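Novice: If you want the building blocks of each chain, they are given just below.
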Amino acid sequence: CSDDILEENPRSVFTPEFFQTEAGVEGGITALYTHLRFLYGAWNYYNSTETGTDEYTWAQSADGNFKDMDLSGVGSIISTSAPPAGPWFSCFGAINTASGIIENAEAVGIAESLVAEARFFRGFDYFLLVQTYGGVPLDLGSGELAFNTSTFRGSVRNTVPEVYTKAILPDLQRAVQDLPEQPRLTGTVTKNTARLYLAKAYLTYAWWLQNPNNIPTYPEAPRQDPDGRDAAYYFQQAYNVATTAIDNPGPYSLLEYFYDVHWAPNDRHAEMMLYADHTEESEIYNGASLGFGISGAQDNASVWMATWNYTQIRSADGVAVVQREAAQSYGRPWTRMAPPIGVFKNTFADKENDSRYDGTFVTSYRNNRDKLSPPDFTEYPNANNIPVGPGEAVLTFLDQDDPAIDYSGNKASIGAGSLAGRSDFVINPGGISRVVYPGLWKLGTYRTDNNGGLGSPNAGLTRPFPIAKFSEFYFIAAEAAVKGAATQGGKTARDLINVIRARAGKWRFDNGEQEVRMEDNSATLVNNTPNPITIDFILQERSREYFGEGYRWYDLVRTQKWAEVAATYSIAGSAYGDHTPQTFTRTIEPYHYLRPVPQGQLDAMDVSDAEKDTYQNPGY
Amino acid sequence: QSTITGTVTDGTGPIPGANVIVKGTNNGAVTDFDGNYTLNNVPGDAILVFSFVGYEAKEVPVNNRSQVNAVLENDLQSLSEVVVIGYGTQNKESVTGSVVSLDGESLEEVQVANFQQALQGRAPGVQITTTSTRPGANNASIRIRGVRSLSGSNDPLIVLNGIPFSGGINDISINDIESLDILKDASATAIYGSRGANGVILITTKTGKKGQKATFSYNTYYAAKEVFAKYPMMNGPQFLALREATGITRDGVPIYQNLGADEDPNVNTDWQDLIYGTGLQTNHDFSVSGGTENGSYSFGGGYFKETSVLPVEDFQRYSLRVQVDQQIGAFRFGLNSIMNWNVTNAAGTGLYGNLSATPILDPYNEDGSLKRVVSMPADDFWVTTRSTLEAIGDGRVNLQKDFGTYNNLYGEVSIPGIDGLKYRLNIGLNLRTSRDGFFNGQGVANIDPLSPNNAGNSSSLFQDYVVENLLTYDKTFADKHKVNIVGLYSFQNSKFEDSFLNARNIPNEDFLFYNLDAALLEDITGYGSNYGENGLKSVMGRAIYQYDNRYLLTATVRADGSSRLAPGNKWVTYPAISLGWNIANEKFMEDVEWVNSLKLRAGYGETSNQAVNNYATLGNLGIRNYNFGETFATGYFVNELPNATLGWEFSETYNYGIDFGLFNNRLSGTVEYYLTKTNDILYRVGLPSTSGVGSFVGNIGATENKGVEVALNATILDNPDGFTWDFGVNLYTNRNEITSLASGQDRNEGQLWFVGSPINVIYDFKNIGLWNEDDPDFQYLQTYEPGGNVGMIKVEYTGEFNEDGSPVRQINADDRQIIDPTPDFQGGFNTRLAYKNFDFNMVGVFQSGGTLVSTLYSSGGYLNLLTGRRNNIDVDYWTPTNTDAKYPVPGGIQAGDGPKYGTTMGYFDGSFLKVRAMTLGYNFESNLIEQAGLQSLRLYATVQNPFVLFSPYHKESGMDPETNSGSDGAGNAQNSATGTAGYISRGIATIGTNVPTTRNFLLGLNLKF
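From first to last, the protein sequence lines are chains A and B. Start counting the first sequence at 1; every next residue gets the next number (the numbering used here). Start counting the second sequence at 621; every next residue gets the next number (the numbering used here).
Do not rely on the hints blindly, as some may be mistaken.
[To be verified] Some residues of chain A that are not near chain B, with every Cβ distance over 10 angstroms (derived):
1. Pro265
2. Pro381
3. Thr492
[What the hints assert, rightly or not] Sample of chain A residues at the chain B side, in silico, Cβ under 8 angstroms:
4. Pro16
5. Trp88
6. Pro137
7. Gln599
FYI, nobody ran anything at the bench for these hints, they're computed from the structure. In this text the structure is predicted, and so the values were computed from the model without any measurement. The beta-carbon is built from N, C-alpha and C at its ideal position, and this holds for glycine as well.
Generate coordinates for the entire structure from the input sequences, incorporating the hints supplied.
Specialist: As structure tokens, then:
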């Protein structure tokens, strides 16, 4: 017998050598797209981007993760808090994979356009990290921006300007240069996707250099650009890159109606530039169960957090008339996050002209017992004992407060109100509480396999989770312009924002009423745009456009407006029937503008306690 | 020369099957049923030698008589005289390593599905932990003298009839076992090299004896199993009070203010009553064995069945056993073969859903039928009861079938010309194949009646061969110098392969999982296949030398080469040596009559451990799939770095022991002390996130185990005509400690490894009660706990204080503390009381101290959320009028869905004493049964798990304090309600919502003819 039995010939596991083949490199790029799912659609990361801003606070069933993020005296953010840890745990692996692709590509002979996808993601991930935590390491163990093959267990953080000037900006610049105009596959990145992130990185870095509200950074670094440029230079770059993209849209365009941007049958449309994709066609490639989600790693479960428990609604005779359904207005309710009243009174004050309120929220909950098995077509007595049949509204959130509302008698079992003559129960916008509030329609559940029934509402969503849209070029350019960038003809800040507002004025369908509504209020909205516009107005406009999509915390941190915009909020309590708003104050300290380095990182590092202490962001 | 007849008895009755031989010749005979023998051609001056296993041999001169009777005496020492030590046997008196021997009979005292469970509490230093209570599950972990490896296997090597055993835990019937020997120290295990690093368990199955008259035996029992204790869930009024109490910290508004659609405050459903039933356990086995002058044989078969107290879960085993041994001149050939066929039915849905259903849910429709789904405020529950599960029939199937065959073929030849030299060839051929299929009909056991059906089928094949070439030389020189030398060259190879396919929307539900290809391609939800192979080559030499049965020496050298390690580091050689001194055999002890035996032993040995998975040196890519719209693609990323320097893990063991037998051997025992130092530990090192790679496998760190083991056996009463009373007890402690970690680091919090603490620890906050308004530091509550409330769990703060006594910071990760869960000592006892034909046995196990983890009580299990969302364990919680409660105020500050620091609610004092079995037996008088043609007949009744004492956990919960859940090989918790990652080492078994412990009532019969 020879030594053969002591030799290993793996036949069913991939070893890292495979990464040096063409198929391996392409697989590496695929893994970069997959990693988006661990953040975009993940419930806790979503929580960290929204809760504690003016868009969301904790809701009735919130667990500690949501209360902690609210900073309103019901919890606190510390190094073991799970919600802000997502990017730290997900991005470095992607960065290393990207570096591996970049290093191996040359040897294997991979097209530059493909390598550029890896460069895009390395820039993308570093950009996300630097916005979340401040400076992060460029050397993962084998040298700066090198593919890490060492077993080194220490880590040294670079400063914010180093991360921008060595990693984010060069990678994204090169990606703009090398990426194709048209996507390689559905949803892959293009020249303009890279431009969007490059423009946003310029803009964010410019704000950082300027530091108008004196927010601390870490590791400490002077607000100076290593390349000797100033904030104005980078604001101008942001403007230039964004307007170049607007002038050369490639395959992208603004859709005609805001409603269509989030109407699920329309997913993966021309305005959507980047998303974490999912599919209901294959559980294997969806990466998560198609039957019952566990809000696990790849589950697209964000919207469950913002969905209140509408299944508690009862008809006047106690029947559960609104069933859990795999449909865009319904889905799985977790009641973890609620929008405070300011969203309805201030951000979306104009619900009549601006189609975006109607295209963002679920404002009517309807009898869907016809989808039961066997179907139930009974009309059940509803408000004022008027019967309500399948498809008819059981509960409506009113556009404006109606003082005539009668909240007595725990109506619909959820403490709803009624108005004389109306068959639907109603709630005033001023009476929104932590337990009953409009759902988030734009991110809602959608399946095509319900077969006329209620479908599988408990699975993670099979829709792509939106990450970046063409519309944001207008916002980036406008923000840069407000910050002093020289503008081109016809592209002042107000011009750019008005493109967005004009589109918002166009209706084709009324989501709340569930009926066709052909209407064009563009002129009204454009006329109502203030002149000149301010950062505050841009922030409000961003909230109207991107409400609940995970932009908010980053927008408020970039502009250093978080403590100001989110300082207080009002909402009624957690009890059904509580419609009395209370005002809550948040304690947002300057150090909160950086999230803590997760304890898991510190625990895994092989360094002294003192070094761990200096590794952590101050305040945590 | 004449013919001689006679009877052999033991003083009370005849001994059938005893050997009678004319000394110095081959002329012999065997006694019949009545102990009679006939021997021809016996010279008048001959000496007859009478012998029988378990009795002292007796020599009787014929003196020209024609009738020679003999009375043989019980050989007390010989009861455990022969010890299997691997590649041979030894007299117990001569053993120098640490070996514990158990006979089959004592294992059978607790009738269970597998020998691991039967071993519990029987051997000092051998810790058996139950990790699952499901029938047919891989449900026990064995740790011999603690854990050594951080991430490698800590399982001992099991050797079945001389061949390393690679089968399933349930593949060997305990009723087939003749004896079981456990090698504990390195000098004893050295012959098995790297595979024996975690101890060795040698199992010898029943065999025929040379010259034995053919006998038939049949054993059977039936047992009824009842739930030992229900999980202590709240009843309706208690639960309503809990929901109400969640309003205490919320201005009187309960968290779940509205009832769920099927909840009714007037209902009080005990969901557990709706699901539990009586389980069954039964066993039948028979065997025929016998022998001739030059050979022996034995064959038998068995059937074992166990059903759960939960519906549609059972396990069945059919086993076959064949043993043949034949001498032909200088040659000897033999075969030992064990085969089994297991069928595991696991179509149940587990107990968690049942426990979590609130007691105010009404399971019935108005017409008295059961509802399909009931709704709580936040969760729906598919009504899981005995009748709904049993009604499913073919709608839900989960059947695993395993076939295993374990064979040892051997040939032996005495080499002519050199007296005592033999060559032996062992060929071990093992094969195990499994098929696991499941099917779930549309909407079955699912809250959605339209949820698509799904099914899957997986199969695996494990094949393994060992070839051992052995040279042995066994000779005694000048009566006093006894030499035994063994040389071994062996090689072995194991291959594993499996494949699986899962699909949904099977068009015809009658297909179950047998026609998965009927599903559409897009309905395939998973598929895969795996392959693994490893090899090991070894060269070993062992010499045993005894001088005058007083001075003993065993020396071993072994070299192993493993495929799993990196080139250049594949081979390693290591020695072991042990010494013994039989003081009792010294001249100066001749007059000390109360000492029958006294031996001192000392041993030192090195062993190594290839405790890494196949291909671990090569690194690994992880796989992540993705869809680009409708285009599907597979992605790869590096999740494990290669390590070209990966080498062996080493242990050095020092073992000191004393064996004694006193007062005519009525008190005997062993005391041992050992120290094991393990270096170059192999483990998968988790890298920080900033490495961009998950881990690598390296040789890093060192651990140490030391402990004391005591075993005592006493014959307290010894009256063959009246009472006899035997009592045995064993006690042991093991102190495990990590002595160093990579590059001088003193802690690795990510992996829960701390220098100076055991490998398995709890790393959590220290629960010191609840926050109360009269606490002196209550004024700082909001500093310690921003957003905190009175009645929340109070944990120890380890930070600094300001001058005014206020803390400088809030409670954070720095306040986590290491909790050592190691018991002070553990052990077991057994006692036997006999009076005439009656006997009474009791077997028990105990533990003092240590920490028990119950995930029922920790918030991670979701049954102690104290929010009223699901049913809750009935606990004593804080209210304004019950401020010295143990559990926090319902609805207070949360971490996740449960109370903040809710994990700390799951720790209990682990002390307990548990009687595992009490048996009352009756042996029928031989003269009565002889008329029926029988040799022996015994009836017995046993109650298993009758009671538990001295257990704080039992006192609070009423439940069994032994664990019922653990981690699988990949470290994943087997119990959905466990959730202990990050603060409890995965080696710590827990009590979760598994099948509850049962109390079993058993009636059995053994007969022989």
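Novice: Each hint needs a verdict: does it hold in this structure or not?
Specialist: Structure-based check of all given hints:
1. Pro265: 14 angstroms, holds
2. Pro381: For Pro381 (chain A), whose nearest Cβ neighbour in chain B is about 17 angstroms away, the distance exceeds 10 angstroms, so it holds.
3. Thr492: Answer for Thr492 (chain A): holds, closest chain B Cβ roughly 37 angstroms.
4. Pro16: 4 angstroms, holds
5. Trp88: Where the cut-off is 8 angstroms and the nearest Cβ of chain B is about 6 angstroms from Trp88 (chain A), the hint holds.
6. Pro137: Since chain B brings a Cβ to about 5 angstroms from Pro137 (chain A), closer than 8 angstroms, the hint holds.
7. Gln599: This hint holds: Gln599 (chain A) lies near chain B, its Cβ roughly 5 angstroms from the closest one there, short of 8 angstroms.
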